[in-house]
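Asks: First residue of the sequence shown: 1, per this note's numbering; consecutive thereafter.
Calculated directly from the structure, the hints in this document are not laboratory data.
Each hint should be verified, as a subset may be incorrect.
[Unchecked claim] Result set (EDC-like, lysine to aspartate or glutamate): computed pairs, CA atoms no more than 16 angstroms apart in a straight line:
no.: 1; residue 1: LYS59; residue 2: ASP130
no.: 2; residue 1: LYS67; residue 2: GLU7
no.: 3; residue 1: LYS94; residue 2: GLU61
no.: 4; residue 1: LYS59; residue 2: ASP33
no.: 5; residue 1: LYS67; residue 2: GLU117
no.: 6; residue 1: LYS67; residue 2: ASP112
no.: 7; residue 1: LYS119; residue 2: GLU34
no.: 8; residue 1: LYS67; residue 2: ASP14
no.: 9; residue 1: LYS59; residue 2: GLU117
no.: 10; residue 1: LYS67; residue 2: ASP5
On a predicted model such as this, the values are computed, not experimentally measured, just so you know.
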Amino acid sequence: MTPIDNELFTALCDQAEDAPRRRAHHLLHASHDEPVQRMLIALQPGTYFRPHRHTTPPKWELMMVLKGAVAWLGFDDEGRVTSRTEAGAHKQAKGLEYPPGTWHALVCLTPDTVLFECKPGPFAPVAEQDFALWAPPEGSPRAGDCVRWMLRARPGDRFGD
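Turn these sequences into a full structure, and let the hints guide you.
Replies: In C-alpha cells form, the structure reads like this:
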C-alpha cells in the first residue's frame with residue numbers, strides 16, 4: 001500500500017519549492033510501461049506548463065486538485081483561450097479531464113498545490129509537434145510572461161495580443 005497523506009504532500013511541496021521548474025512529481029505507478037500512469041504533482045506559483053496536446057499517441061488526461069488551486073486553460077489551434085476552469089480543494093470544481101488532441105495548459109493559483117494525474121500508458125514524452133508554437137518554450141525568457149498572462153487569461157484572449 002502507498003499512503004497518500006499530508007506528510008507526502010508536505011515533502012513534495014518542499015521539493016517543488018526548491019526545484020528550478022517549481023514542481024515535483026511522485027509516481028504511483030511502478031514503471032513507465034504500465035498501461036495506466038498515475039502520479040502526484042506538487043506545484044508552486046510560477047511553474048510553467050507550455051500549452052500542449054497529446055496526439056502522438058492520442059491520450060486523454062485526468063487531473064484532480066487534492067490541495068491548493070489551479071486554473072486549467074483550453075485553446076484553439078491559433079492559441080485563443082476556449083475555456084478556463086478554476087479548480088481547487090475548496091472550490092466548486094475539483095478536477096478536469098482533457099480529451100485526446102485538446103490544446104491545454106494549467107497555471108498554479110496558490111502555493112503548495114498538489115494534483116493527482118492519471119492518463120493512459122505507457123509513458124511517452126510530449127512530442128515536439130504537440131507543443132504549441134504560439135507559446136514560448138519552457139526556460140525561455142518569455143515563459144514567465146506566459147505564466148503571468150495565463151493567471152488572468154479568459155476565453156477569447158490570446159497570448160501576445
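Asks: Compare the structure with each hint and give your call.
Replies: Going down the list of hints, with the structure as the test:
With a C-alpha separation of about 12 angstroms, the suggested pair LYS59 and ASP130 falls inside the 16 angstroms cut-off, and the hint holds. Restraint check: the Cα-Cα separation between LYS67 and GLU7 comes to about 13 angstroms, which is no more than 16 angstroms; the hinted pair holds. At most 16 angstroms may separate the alpha-carbon atoms for a hinted pair to count; LYS94 and GLU61 meet this at roughly 14 angstroms. With a C-alpha separation of about 15 angstroms, the suggested pair LYS59 and ASP33 falls inside the 16 angstroms cut-off, and the hint holds.
For the hint linking LYS67 to GLU117, the alpha-carbon distance of about 13 angstroms falls within 16 angstroms, and the restraint holds. Between LYS67 and ASP112, the direct Cα distance comes to roughly 7 angstroms. Compliance with the 16 angstroms bound is thereby established for this hinted pair. Proximity of LYS119 to GLU34 is assessed by CA-CA distance (about 11 angstroms); at most 16 angstroms being required, the pair is judged to hold. Simply put, LYS67 and ASP14 have alpha-carbon atoms about 14 angstroms apart, close enough for the 16 angstroms limit, and the pair holds.
Between LYS59 and GLU117 the alpha-carbon distance is near 13 angstroms, which keeps this suggested pair within the 16 angstroms criterion. Simply put, LYS67 and ASP5 have alpha-carbon atoms about 11 angstroms apart, close enough for the 16 angstroms limit, and the pair holds.
The structure agrees with every numbered hint stated previously.
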